[in-house]
Each structure stands twice: as structure tokens, then as C-alpha cells.
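Novice: Chains A and B are the protein sequences, given in the same order. Sequential numbering of the first sequence, starting at 0, is according to numbering that gives the first Met the number 0. Sequential numbering of the second sequence, starting at 0, is according to numbering that gives the first Met the number 0.
I should point out that these hints are in silico values taken from the structure, not numbers from a laboratory. Treat the hints loosely; a few may be bogus.
[Said to hold, decoys possible] Computed, partial: chain B to chain A, Cβ under 7 Å:
1. Arg72
2. Ser201
3. Pro206
4. Gly223
5. Glu235
6. Ala256
7. Val304
8. Ser305
9. Ala316
10. Val337
11. Ala366
12. Val368
13. Leu373
14. Ile380
Where is the CB? At the ideal position from N, CA and C, for every residue including glycine.
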Amino acid sequence: MRESGNHKGCRRGLAPWARFAAGSLLLAAAVLGLMQGYTPPGVAGEVLRNNIREGIDATPLFYTESEASYEAELVARDTLERLDERADHPAGSASVGAGEDLARSEPP
Amino acid sequence: MRSDEGISSLWKKEDWWAVWIGFAILTVAVVVAGLEYGIKAPKIQRWVASPLDAFYSDASVKVKDWPEAFQSREALKSALPADTAERLRYARKVKYQEGKRKVSETLGFKSRYPMSEADRDAILTLATTQAHRAAIGELYEKTQTARHNFAALGILLIAMGVAFMLAVRLMGERSLTFAGGYVVVFLLATLAYFIAGQGAISAYGLPYALWALLLGLLISNTIGTPTWLLAGSKTELFIKTGLVLLGAEILFGKIVALGSRGLLVAWLVTPCVLVFMYFFGTRVLKMTSKSLVVIIAAATSVCGVSAAIATAAAAKAKKDELTLTLGMTLIFTVLMMVFMPPVIKAVGMGEQIGGAWMGGTIDSTGAVVAAGALLGDNAEIVAAVIKMIQNVLIGVVAFCIAIVWVTKVERDPGAPRPSAFEIWRRFPKFIVGFVAASLVFSFVLIPALGGGQEGLNAVDKNIIGAITKTCRGWLFCLAFVAIGLETDFRQLASQMAGGKPIILYVVGQSFNLILTLLAAYLAFGGWLLDAIPL
Chain A
0 MRESGNHKGC RRGLAPWARF AAGSLLLAAA VLGLMQGYTP PGVAGEVLRN NIREGIDATP
60 LFYTESEASY EAELVARDTL ERLDERADHP AGSASVGAGE DLARSEPP
Chain B
0 MRSDEGISSL WKKEDWWAVW IGFAILTVAV VVAGLEYGIK APKIQRWVAS PLDAFYSDAS
60 VKVKDWPEAF QSREALKSAL PADTAERLRY ARKVKYQEGK RKVSETLGFK SRYPMSEADR
120 DAILTLATTQ AHRAAIGELY EKTQTARHNF AALGILLIAM GVAFMLAVRL MGERSLTFAG
180 GYVVVFLLAT LAYFIAGQGA ISAYGLPYAL WALLLGLLIS NTIGTPTWLL AGSKTELFIK
240 TGLVLLGAEI LFGKIVALGS RGLLVAWLVT PCVLVFMYFF GTRVLKMTSK SLVVIIAAAT
300 SVCGVSAAIA TAAAAKAKKD ELTLTLGMTL IFTVLMMVFM PPVIKAVGMG EQIGGAWMGG
360 TIDSTGAVVA AGALLGDNAE IVAAVIKMIQ NVLIGVVAFC IAIVWVTKVE RDPGAPRPSA
420 FEIWRRFPKF IVGFVAASLV FSFVLIPALG GGQEGLNAVD KNIIGAITKT CRGWLFCLAF
480 VAIGLETDFR QLASQMAGGK PIILYVVGQS FNLILTLLAA YLAFGGWLLD AIPL
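Build out the structure end to end from the sequences listed, making use of the hints.
Specialist: What follows is the structure, given as C-alpha cells:
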């Protein structure tokens with residue numbers, strides 16, 4: 000990536016350190032505030048309340064960082080395989096019914 | 000010929016070092032997986048009330064048929080004393096073994112707290128079989144020895160540091176000066192992970208990338224980043240090495256997880272949105288920086304932060320352009336995570352359609368899973384898989400953008416068409432490593448480990464899951480700290496002049512929402528393809 004031509008090196012004097020201290024306090028206050036788990040009332044807070052209640056981590060950026068992603072993939076593949084089996088053997092398939100859904104289910 | 004061209008570029012150019020270090024990590028991961036010692040790269044654990052919990056991993060045991068009544072956190076909280084419930088966890092995973100689908104269940108307990116006899120007795124009241132009681136006894140024994148990861152973090156710091164010091168030295172810079180700055184950057188990255196790992200903060204979907212940027216920006220825009228710290232902030236080396244590791248996570252076998260439905264939503268819509276946004280940004284908004292336009296377009300259309308990083312490196316964007324894009328993406332990701340599920344419920348949209356809509360538009364996997372979880376199992380499954388299929392597109396997008404940039408965007412309009420050698424000379428070499436890692440893992444390693452779902456699981460769990468994804472995360476976190484340390488708020492403000500980047504994002508995301516909704520109805524609503532039976 001290209002350089003942005005920014006100022007480099009330490010700035011002299013007390014003012015920069017005062018700004019650093021103020022910025023650090025602000026950041027710390029923001030972190031401590033967020034840790035309290037406040038959620039907006041009503042529908043705006045539903046997802047956040049559910050995340051906190053169920054311990055859901057909403058920070059993964061890529062699918063490999065999320066266990067739920069792996070599980071979802073396996074269920075999806077399993078469902079499609081069973082649909083293919085039903086299409087290939089419409090009379091004989093006992094494991095897939097009209098009411099089947101994608102939700103996780105115990106193996107037989 | 001320049002001194003860094005020719006054969007010597009293999010050890011003098013940063014791009015090539017990203018490839019060597021990246022493949023060294025991948026090789027170590029494959030060898031370690033083969034030895035089956037269960038070694039994993041260290042990570043900062045999720046913590047709630049006690050910060051030190053972040054540095055201790057859980058002790059765990061396998062169980063079978065754990066009572067359904069006690070599988071959720073809520074159920075454990077109501078059945079056990081508060082402290083015991085907070086430290087105990089139940090996890091259920093589905094996997095394939097020898098071609099058969101199997102469910103594995105584990106009970107875990109935070110190893111920082113030795114389980115007391117009172118804890119053990121309380122948990123025993125939940126057991127319904129002798130096997131459960133034996134597992135709880137085994138868990139009790141395991142928790143008597145705390146399992147912290149301070150040593151492992153130290154090894155990671157040193158191992159990566161040595162690799163980068165060697166690279167820096169051979170590229171002609173002072174490795175000891177780098178080392179001093181690198182240690183501080185690593186500590187700041189650890190702090191970023193630590194903040195992001197707090198329970199409520201992780202529930203809000205505020206990832207390590209955000210905190211790493213903020214910590215770097217705090218220093219650079221107040222006291223200024225000292226020269227010795229800048230020497231350790233090898234942003235591009237960290238990012239490019241991380242991207243080579245990311246290549247290994249782009250497994251092409253994943254794209255068929257939802258068959259043609261997944262491809263319709265994730266792979267047909269995405270390029271349309273990307274191209275639309277690029278032309279809207281350059282021709283309508285007339286934004287002068289094409290690299291800024293393309294990384295906003297990639298972040299919006301593909302998958303947020305990861306796509307922005309890969310595209311920024313491929314298009315040689317400025318660091319503050321990446322910072323701006325990440326900031327916008329992260330804010331809108333949280334907003335969409337919060338507001339899309341209630342909208343879907345309010346209009347009575349089907350779970351799978353809603354899941355596909357969210358999976359194709361919300362920019363991070365964690366936010367997608369969280370939003371889907373509120374709607375139900377089917378929404379969560381479809382949303383997560385659509386997002387996964389979109390993630391795989393990063394490889395294709397980054398490669399195509401690199402080609403377009405070298406052959407068209409960077410080209411002087413009056414100059415003759417570049418030769419193949421010239422294209423190769425200017426082509427970002429780390430993209431070669433990125434693509435090579437993806438191809439090797441997708442088409443060589445997975446077949447070698449059994450092929451099909453078995454091979455995919457082996458690579459996912461033992462190689463990527465155990466080592467490479469964690470190392471990749473650390474590299475990106477180091478990079479974000481470094482970007483923050485090199486970014487000036489004034490530069491960021493100048494990028495935002497006229498509000499064009501945010502206009503581009505909003506218009507592009509709106510187009511993405513409309514097109515993805517249409518695709519979701521075509522794929523899951525029965526308009527084109529049969530709906531999956533519900």
C-alpha cells in the first residue's frame with residue numbers, strides 16, 4: 000500500500016501528552032461503558048439482548064473464525080444430500096419427509 | 000535492472016517474504032496436524048467479568064446425550080449457582096467421520112478456576128447417566144491444573160518476530176530497530192484482542208480490527224508515533240503474509256454447500272454490485288482515487304473487512320483509504336445486524352429468504368450469524384453458509400483486481416500495451432502466494448486427506464482451525480495497529496471531503512440489498528428454484 004504522507008515522529012511538549020492522556024481516558028471510558036451491556040429498548044435491542052443472553056460472539060470477520068459457520072455448512076450439505084437421495088430414489092428413501100427442514104437433528 | 004529485480008528479488012522484496020513466511024507457517028501447521036499432538040496457536044479467550052480469564056483456555060471433556068434441558072446458557076444459569084453456571088459451558092458440534100454424520104458434545108470449565116467440590120456436586124445434579132457422572136469427575140480433575148497461554152503467546156511473539164527480523168535484515172533494514180517496535184505493536188495487538196474478547200463488546204460485534212486501529216490512531220494523533228515504533232510497524236509485510244494464510248482458508252469446495260441457490264445469491268449478485276459501485280464511484284461521483292472506490296466496492300459487495308484488506312493490497316491503496324473503508328464497514332455492519340432481523344420479522348419474510356438476504360448483505364460472518372440466530376435455526380444456517388460462499392469469492396476478486404490494476408488502471412494511457420514480463424514485474428507477488436495457497440489447500444491437500452467432506456473437515460479443523468486462522472488473525476491485528484500508528488486524522492478527514500465515500504457506500508449497499516433480496520426470493524422463495532422443504 001502507498002504511504003499517506005503523514006507526520007512521523009514524536010511531538011514535543013506537554014500538550015501532546017495531555018491529549019494522549021485524555022484520549023486514553025476516553026477510550027477506557029468507552030470500553031467500560033460498553034462492558035455494561037446496555038441495549039436499546041424495543042426491537043432495536045433485540046439482537047444485542049439475544050447475543051448477550053446466549054453468549055454469541057458477533058465479532059468473527061471471516062467464516063473460519065465462526066464455529067456456527069462450520070455447523071451450518073454441515074447441516075446444509077447433509078440436507079442437500081438427502082434431497083438428492085430422495086430425487087434419485089423417490090420410493091425407497093425413508094430418511095427425508097415432506098416436513099423435513101434444515102434445523103439440526105440427531106442422526107438416526 | 001534495479002537491484003531488487005532479478006533473482007535477488009526473491010529475498011529482497013517484501014511481497015516474496017510474505018510468500019515465504021506465509022508458506023512456512025502453512026507447512027508448520029500441516030506438519031503439526033500430522034503429528035497429532037493437538038498443538039494450537041494461542042488466542043485470547045472470551046471473558047466476561049474477570050480480565051485474566053482471557054489468558055486461560057477451558058478444560059473440556061466429551062459427553063454423550065447431555066440432557067436437552069441443560070444445553071443452553073439460560074438453562075445452566077437457572078439450574079446452578081451463578082459462579083458455577085458462568086464457568087461451565089456445553090458445546091455441541093456436528094461433524095463427518097468415515098462418511099457418517101456424527102454429533103459430538105463437550106462440557107467445558109474455565110481452567111483458571113479450579114472446580115470446587117461444591118461446583119462438582121452442583122453439576123452432578125444435572126447428570127442423568129453414569130457416563131455423565133464419570134465425565135464430570137474427569138472435568139473436575141482437569142480443572143485442578145490451570146491452563147494459561149502466556150508461554151504460548153511468548154513463543155508466538157518470538158517465532159513471528161524472528162521470521163520478520165530475518166526478512167527485514169535481508170531487505171536491507173535494521174532488524175534490531177524493527178524488533179523493538181514490533182514488540183510494542185504485538186502488545187497493542189494483544190490489548191486489541193483483549194478488549195474485543197469481552198463478553199458484551201463481542202456481543203455488539205466490535206472486532207479486534209476496530210480496537211487495533213483505535214489504539215494506533217490514539218498514539219499517532221496525540222504524541223505522534225516515535226521513529227523506533229514506526230520501524231516495527233511493517234504494515235504491508237504483516238498484511239501480505241496474513242493474506243497468504245487467508246488464501247489457505249479459501250477452499251473452493253465450500254461454494255457448493257448450498258448448491259445452485261448459494262451460488263445464485265453469493266456469486267452472481269456480488270460481481271454485479273462490485274462493478275456497479277466501481278462505475279458509480281468513478282463516473283457518477285467522479286471520485287479521483289480509484290483505489291478507494293474499489294476497496295469500498297469490495298467491502299460492501301463481498302465480505303467487509305477481509306475483502307477490503309485483500310483488495311487494498313491488490314490495488315495498492317493508501318493506508319488511510321483502508322482505514323476509512325474499515326470504519327464505514329464496521330459501523331454499518333453493526334447497524335444492519337441490529338435492524339435487519341426486526342424488519343424481516345415485521346414483514347413476515349420466510350426464515351430462509353431472510354437468512355439469505357442477511358448473509359449476502361451484512362458484511363461480517365459474526366454479525367450474520369448473530370442476526371440469523373434471532374430469526375431461527377433455518378435463517379442462521381442459510382445466512383452463515385451464504386456468507387461463507389461469499390468469503391470464498393475474495394480470492395477471485397483480489398486476483399482480478401490485481402490484473403486490472405496492473406494492465407489498465409496503472410497504465411499510462413499513451414503508453415503501449417505492457418508486455419507479459421512487465422505485467423509480471425508489476426504484479427503483486429503476494430497474490431501469487433495467496434492464490435497458490437488456496438489452490439494447494441483446495442485441490443491437493445483436501446484430496447490427500449481423504450477428499451470430500453472428510454478431507455474438508457480434516458483441513459478445517461486440524462490445520463486451519465488449529466493454527467493458520469489464528470496466526471492470520473494475529474497478523475491482521477498487527478497490521479491494523481500499524482495502520483493506526485501511521486494514520487493522521489487530517490488525512491482521514493481529507494478522504495471524506497464532500498462525503499463521497501459515504502454516499503458511495505450507502506448507494507452501493509442499497510443496491511446490494513435490493514439485488515440480494517431479489518436473488519433470495521429466486522433461490523429460496525420458489526420463484527426460480529424449488530424452495531428447500533421446510
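Novice: Give a verdict on every hint.
Specialist: These are the hints, each one checked on the structure:
1. Arg72: holds, 5 Å
2. Ser201: Because about 4 Å separates B/Ser201 from the closest Cβ in chain A, which is inside the 7 Å limit, the hint holds.
3. Pro206: Holds - the Cβ of B/Pro206 comes within 7 Å of chain A, reaching about 4 Å at its closest.
4. Gly223: OK, holds: B/Gly223 within 7 Å of chain A, min 4 Å.
5. Glu235: Constraint on B/Glu235 satisfied, holds at 6 Å.
6. Ala256: Hint holds; B/Ala256 Cβ to chain A Cβ min 5 Å, cut 7 Å.
7. Val304: holds, 5 Å
8. Ser305: B/Ser305 check passes; min Cβ-Cβ to chain A is 5 Å, inside 7 Å.
9. Ala316: holds, 6 Å
10. Val337: Holds, because the Cβ-Cβ distance from B/Val337 to chain A comes to roughly 5 Å (cut-off 7 Å).
11. Ala366: Holds, about 5 Å.
12. Val368: holds, 4 Å
13. Leu373: holds, 5 Å
14. Ile380: holds, 4 Å
Against the hints set out earlier in the document, no violation occurs for any number.
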